[in-house]
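Peer 1: Line by line, the protein sequences are chains A and B.
Numbering-wise (the numbering used here), the first sequence opens with residue 1 and increments by one.
Numbering-wise (the numbering used here), the second sequence opens with residue 211 and increments by one.
It is worth saying that the hints were derived from the structure and are not from the lab.
The C-beta atom is built at its ideal place from N, Cα and C for all residues, glycine as well.
Certain hints may be false.
To be verified - Covered, in the sense of this in silico footprint (three residues per stretch, anywhere, with C-beta under 8 Å from a C-beta of chain B), are these stretches of chain A:
1. 59–68
2. 97–103
3. 138–148
Unchecked claim - Listed next, the in silico SDA-like pairs over lysine to any residue satisfying Cα-Cα at most 25 Å (straight line):
4. B:Lys-335 / A:Tyr-6
5. B:Lys-275 / B:Lys-336
6. A:Lys-152 / B:Arg-312
7. A:Lys-65 / A:Leu-111
8. A:Lys-147 / A:Leu-111
9. B:Lys-335 / A:Asn-204
10. B:Lys-336 / A:Tyr-19
11. A:Lys-65 / B:Tyr-224
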Amino acid sequence: MTSLLYKDWSIIKKTRALYFSVLYFSLIMPSFQNMDFFGKSFLANSYYIFIIYLLFSYLTAYDYKYNSDNFIPAFPVTKKQIVAARYVFVALTFAACLVLQSVVRIVILVLKGQDINIMNIMDYGQAAILILVFSLYFGIVLPLYYKLGYQKLRLLMIGAAVISGTVSSVLSEVGLDMNRPLVMLFAVIISAVIYYFSFTISVNIYKNGN
Amino acid sequence: MNKVLEVIGLEKHYDNFTLDKVSFSIEPGYIMGYIGPNGAGKTTTINAILDIIKPDKGKIMLFGKELNGNACEIKQRIGFIIGENAFYEFMNAKEMAGIISRFYKRWDWGLFNKYMREFELDPGKKIESYSRGMKVKFALACALSHHAELFILDEPTSGLDPVFRSELMEIFQQIISDGEKTILFSTHITSDLDNIADYITFIYQGRIVFSRDKDSIMTEFALVKGRKDQRDMVLGSGKIKGMLESDVGFSALTDDRNWFFRNAPGSLVIERATLEDIMVHFVRGNKKYDKLAI
């Protein structure tokens, strides 16, 4: 599995995906400064989906271009590991975005001379909504990717990314109360179940693929 | 003797193609040529052996173990070259080898660097800037750098000039010279196998036509050539596998050369058949005759 993750990371490093991610991040960073606006910004919410979408679509495009489905399974890995690595990569990217946003938030708090505590370095309600939207988006997109392939899915992916960003913003805007710990926990458990269920479907599709 | 590879009753069905009960085996220390025209089923078989596709039926045994259930352990012992591919070509050779090395427990950088030098490849150059022959050599260097025991090569010489192909054949012979390594080499360029293959497996339209040692093929198969008026007599022997006709005569393939030496009239010409002759006569020469012994 680590060999597959290293492969994905090597592709991302060599392509322009990272530059675009950093550029996009620096463009939306000003919206992070407004702490009240922070959890409800369309930009901030879309940022997660867009960055993961960007890295995922670079990976799948390069896999498609170089026919990696024709040689990666020939290495000493199982098809289940190949699919698992893709799910882990996407989840790690999401986690990295959360961490990065928190780091920016801490820097802003320091610059403003405010106290830093566990409650103000992250908007946990927003994070719970994002985890839910993330698991729904990739829970649907990844099995479709293994079923239909990159070519048929690429337009659908960007459309779904925009919709997911909008949905998560709307959920934040309408004031869905996700800040209660039990609600957050429930959202995380539901997300994990969706993601795992999606993974088993993808493994099945990929194992039986031709 | 233990078999390195045993393919038993392999079946794979697609909408427009079926791999039908494919069976053959290889013993250690030999080169097997897997021949057949384009679309015969060579790549489908190899993809099944490499666990890239899932067969509908049949069993693949490698190093005495079934592939299904032991794929990771088995693939540690296999080196491969697949078709036109040389992996992610936008990377340089060293970066790509860095990725590949992480898949293999016994990857040996010393060996990789040695082969890169031997094959005169610059590891700092992007793979896409390599020629087709250099890409094959790079894939071979990778396959050789993790102490593989079985090499599965799918059309490695396709698109290469004769000089490069002959150089590769020498390398393949060096690989098996220790008697422990084995090569399964698919190709439609049968002349590549004339000097190096020990066994030949011929597949056509998804079915194995024969799988046997090359020497027996060379001694038993022959081309029988004659005039047009001798055609029916030769077909009537029941020993013809394929026949091609021209305006002046015919050329027929038999797998019973001795029968023709004993029984055929002196006016018939009996010649040694090359692998290419055998393939061409099977493929092009069995379409319109109902008396062929197939």
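Peer 1: Now, for every hint given, state plainly whether the structure supports it.
Peer 2: Here is how each hint holds up against the structure:
1. Counting residues of the region 59–68 of chain A whose C-beta lies closer than 8 Å to any C-beta of chain B gives 4; at least three are required, and the coverage claim holds.
2. Only when three residues or more bring their CB closer than 8 Å to a CB of chain B does the claim for the region 97–103 of chain A stand; here the count is 0, and the claim is violated.
3. Counting residues of the region 138–148 of chain A whose beta carbon lies closer than 8 Å to any beta carbon of chain B gives 0, which falls below the threshold of three, so the coverage claim is violated.
4. Taking the CA atoms of Lys-335 (chain B) and Tyr-6 (chain A), the gap is near 21 Å; set against the 25 Å cutoff, the hint holds.
5. Straight-line distance between C-alpha atoms of Lys-275 (chain B) and Lys-336 (chain B) comes to about 38 Å, which puts the hinted pair past the 25 Å bound.
6. Between the alpha carbons of Lys-152 (chain A) and Arg-312 (chain B) the distance comes to roughly 31 Å, so the proposed pair goes past 25 Å and is violated.
7. A C-alpha spacing of about 45 Å is found between Lys-65 (chain A) and Leu-111 (chain A), which places the hinted pair above 25 Å, so the restraint is violated.
8. Taken as a hint, the Lys-147 (chain A) and Leu-111 (chain A) pair is broken in the structure, with Cα atoms around 48 Å apart against an allowance of 25 Å.
9. Proximity of Lys-335 (chain B) to Asn-204 (chain A) is assessed by CA-CA distance (about 39 Å); at most 25 Å being required, the pair is judged violated.
10. At most 25 Å may separate the alpha-carbon atoms for a hinted pair to count; Lys-336 (chain B) and Tyr-19 (chain A) meet this at roughly 21 Å.
11. Taking the CA atoms of Lys-65 (chain A) and Tyr-224 (chain B), the gap is near 24 Å; set against the 25 Å cutoff, the hint holds.
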